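Following the hints, put chain V in place on chain Y, whose structure we already have.
Sequence order for the protein chains is Y and V. Position 82, counted from 1, in the first sequence is what this note's numbering calls 82; the numbers after and before it change by one each time, with no gaps. Position 138, counted from 1, in the second sequence is what this note's numbering calls 138; the numbers after and before it change by one each time, with no gaps.
If you are wondering where the hints come from, they were derived from the structure by calculation, not from laboratory data. Mixed in with the good hints, there may be bad ones.
[Stated by the list, open to error] Distance condition first, Cα-Cα at most 35 Å in a straight line; then the derived DSBU-like pairs of lysine-lysine:
1. 89/Y / 632/V
2. 69/Y / 354/V
3. 116/Y / 635/V
4. 315/V / 10/Y
5. 116/Y / 315/V
6. 10/Y / 632/V
7. 298/V / 69/Y
8. 496/V / 354/V
Keep in mind that this is a model prediction, so the values were computed, not measured.
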Amino acid sequence: MAIQTSINGKAVALSAEPDTPLLWVIREELGLTGTKFGCGIAACGACTVHVDGEPTRSCSVPVSEVAGKSITTIEGLKSADGTLHAVQKAWIAAQVPQCGYCQSGQIMAAVALIEKTGRPSDAQIDAAMTNLCRCGTYPRIRKAIRAATGQAAQAVEGAV
Amino acid sequence: MADTPIAETTAETPIKRKGVKRRAFLIGGVAIVGAGLFGISIADSNAAKDAKARITGEGEHSFATWLKISEDDVITIYSPHTDIGQGANTGLAQMLAEELDAAWEQVRIVSAPAEPSFANVGLGRGFLAEMTGKPAIINGIPQSFLSFIARQMNLQITGGSTALRFTGQVTFQKVGAATRLALMETAAKRLNVPVGELTTQDSRVIHAKSSQSLRYGELAEEAATLSLDNEPKLKDPTQYRLMRQSMQRLDIPAKVDGSAQYGMDFVIPNMRVATIQAAPVRGGKLTSVDTAPAFAIKGVEKVIKLDNAVAVVAKGYWPAISGLRALAPSFSDGGHADVSTASIFQAHDAIIAKGEADGEAGEGDVQAGLGAKPIEAKYQVPFLHHAMMEPFALTAHFKDGKLDIWGGMQDPLATKMMAVEVSGLDADDVTFHPMIIGGSFGRRLPMYMEIVDQVTQLAMQLPYPVKLIWSREEEVAQGAYRPQSSAVLQASLTDKKRIAAYRNDYAQPESAESETVFPYRLPAVSRRHFAHVSNQNTGAWRSVNSTQQGFYNESFMDELAHAAGEDPVIFRRNHLTADSRHLRVLDEAAARSGWGTPLPAGRGRGVALVESFKTIVAQVVEASVGEDGMPKVHKVTTVVDAGSIVNPDAAMAQIEGGTIMGLSAAIGEAITLEKGAVQQSNLSDYPMMTMAQSPLVQDIHFLNSGAPMGGIGEPGVPPAAPALANALFAATGKRIRNLPIMTQAKG
Chain Y
1 MAIQTSINGK AVALSAEPDT PLLWVIREEL GLTGTKFGCG IAACGACTVH
51 VDGEPTRSCS VPVSEVAGKS ITTIEGLKSA DGTLHAVQKA WIAAQVPQCG
101 YCQSGQIMAA VALIEKTGRP SDAQIDAAMT NLCRCGTYPR IRKAIRAATG
151 QAAQAVEGAV
Chain V
1 MADTPIAETT AETPIKRKGV KRRAFLIGGV AIVGAGLFGI SIADSNAAKD
51 AKARITGEGE HSFATWLKIS EDDVITIYSP HTDIGQGANT GLAQMLAEEL
101 DAAWEQVRIV SAPAEPSFAN VGLGRGFLAE MTGKPAIING IPQSFLSFIA
151 RQMNLQITGG STALRFTGQV TFQKVGAATR LALMETAAKR LNVPVGELTT
201 QDSRVIHAKS SQSLRYGELA EEAATLSLDN EPKLKDPTQY RLMRQSMQRL
251 DIPAKVDGSA QYGMDFVIPN MRVATIQAAP VRGGKLTSVD TAPAFAIKGV
301 EKVIKLDNAV AVVAKGYWPA ISGLRALAPS FSDGGHADVS TASIFQAHDA
351 IIAKGEADGE AGEGDVQAGL GAKPIEAKYQ VPFLHHAMME PFALTAHFKD
401 GKLDIWGGMQ DPLATKMMAV EVSGLDADDV TFHPMIIGGS FGRRLPMYME
451 IVDQVTQLAM QLPYPVKLIW SREEEVAQGA YRPQSSAVLQ ASLTDKKRIA
501 AYRNDYAQPE SAESETVFPY RLPAVSRRHF AHVSNQNTGA WRSVNSTQQG
551 FYNESFMDEL AHAAGEDPVI FRRNHLTADS RHLRVLDEAA ARSGWGTPLP
601 AGRGRGVALV ESFKTIVAQV VEASVGEDGM PKVHKVTTVV DAGSIVNPDA
651 AMAQIEGGTI MGLSAAIGEA ITLEKGAVQQ SNLSDYPMMT MAQSPLVQDI
701 HFLNSGAPMG GIGEPGVPPA APALANALFA ATGKRIRNLP IMTQAKG
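Looking at chain Y on its own, in the form it has when it is part of the complex (with noise of 0.2 Å):
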């Protein structure tokens, strides 16, 4: 009956019932709490974490749909010893947070764009980074984002 899968490289064997949201197991199932309810119907993007590898807006996937895959929260992103993520350090290096509530999905966001691109441009940062922040942190993400890879910190208007 238990769901098994992986989370944050750990096998782990679940006994929520198939319906529930994955936010909600790894929320009070899992107890890793980094990952943040906003919305409920994948509108702000506050739950994202990575399904093999995917940003995937969790408050909308039943847990059903990801038994066998693995998954990668906020917590996950550290280095077994403890160091940050080159773009958790980028965050805070530009000093993106406010409230923070919407970070952790931002930066799982951030992180799967950069694997995918290497170096995003502005238009490929707009594209994929669709999650809301209400404190209006985006300038910083961007920031982040280009810092973390080697790009100049002032976005320019025009260019590619």
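Okay, now just chain V, sitting in the frame of chain Y:
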């Protein structure tokens, strides 16, 4: 604020809701304190004694309530503000540590206990000064009296862009400076040298002559027994090494690795999760509900009926919300079935047309000045929702006669006192534990938060702890919105392109007079408030009345400039006082934005100048209309004069984010009503600005004129809407008088 019926159901004690208006206490406060005439001390002794008992353990020593120095040199500051991400606590720590000459790496700042001894006296005093406009009066008030007032007012509020300019300047800098003097006095005695030969640096008192130094930690015990100097001399800004520096925010590391614990994240053994639906028509009651369908969901344990809501308690959020959705509760409409967005605007039109104002301010003979044919324009703005990213979540546990509540609130002490009132318990038996807040923007002021009532009622009847989570749907539909508001602006022009008379008639629940500023010098000006209250709860939305008033005045100034055939910047200049701060800010924004220089086809520039919370902001927006009819913001140039800035990078972040929030609201946001109920259901139909829509370039400059410190959390918001609307007019010739702009793009 609309009168909101309050649930009085299963709780034994009748619940009385104080009709507290946001700033009602000020009026009461001013009336009370007028007679006081004594010196100020930085903390009254009874409060300090109680504070000490609450926060100090072995080897720890308390100073003036807010500061603790441990013998291992760790310095802990207790903040009466909530850091909502605006950087208030880092800024407050910089201010106290600066005057204390503390070693920054050893400084910690935590939430003050939600207890009366930690009521925020400095804020009370600063607010009173601002509202009366006479600091001299305030400087004559005995501190014990002020402290008493703050405790009576349960003041631990965060709002009004007040943390650094009031709490910081009025209290924390003085606490730091006075404690430093006490440490020096202790060191002088111990080293047997004159105090005058001592200096301080990095949490040490230094006697250079004899090459001796003592750590603060080894002086703290004795220093804490001394009485502190009430009016210590503060540093000259040229000596600052922490203030005016972009210190990294102390709260950020925990916000990038998922370890920060918000109210939503709180867990306690045996805890259940509840969720709730209140009457969709605000003011309605729960009339009936068949609870059986909820119990068909595995994990549902209880369905609890409150006066105006139904709650489902379950083993987790998913069964709780599934159980709630399985119900089909019936609610009454409280007699508000005829309230709609249109009906509110019609009511506004009617009361303004009738002309019987509820309040009037201004100067000169406006009626005569307007003449027979004034230029006139009507503006309308909708209710706005805060839409903070963390929906409401509070956990409460009633056990052995004591109630504990955990979560994030903008006023922890007032939250505790609300729970005391609802539960009927003694204040000593109720504890509120403040946690990190996932956004607020005015939404988490306790007087607008029914969830405090709700979770208290649930906890009082449940044998286990319960975390009550509002779904996003509930959160959108049951807001405490920025009021829907209308204004009719009238003005006349002289043949010299000058305004002869200006009138702003606006309709909304409360007067905006105490906080909004009209910066232009005119021969005759009148601001008239027409009160209209709907069934909705209207609250403080980031920058409060300055959003709509900024939009009205700065849009109309633009209209007048065009009517006069004058450049909008020059037209504004012509109505500002020479050498004024406003003029400097405006000129700087014009220069930095390249005002008047050519733009690509289809683009326009718009300017706006708004003062709010004693900070002056001018903004130039460069915008065009996209193929989809939606406005596209290319660049925003912002010039800010907040007097002085404690943390430049954190201040920059507030202006960047405030600008985006202002643009977001102007372009897409609206809460609308039909049959008394909110029509929006989630973030999907309350469109907020995304990364792709946000301006790629924001150019922000601080002037730091040295004027008294203004706020920084809110003043970035108001100019964005009028600057954008004015830019779109420049680009297209179409004047935007109703927000959000999106509705007109579509129509």
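Quick check: which numbered hints come out false for this structure?
When the structure is compared with the hints, numbers 2, 5, 6 turn out to be violated.
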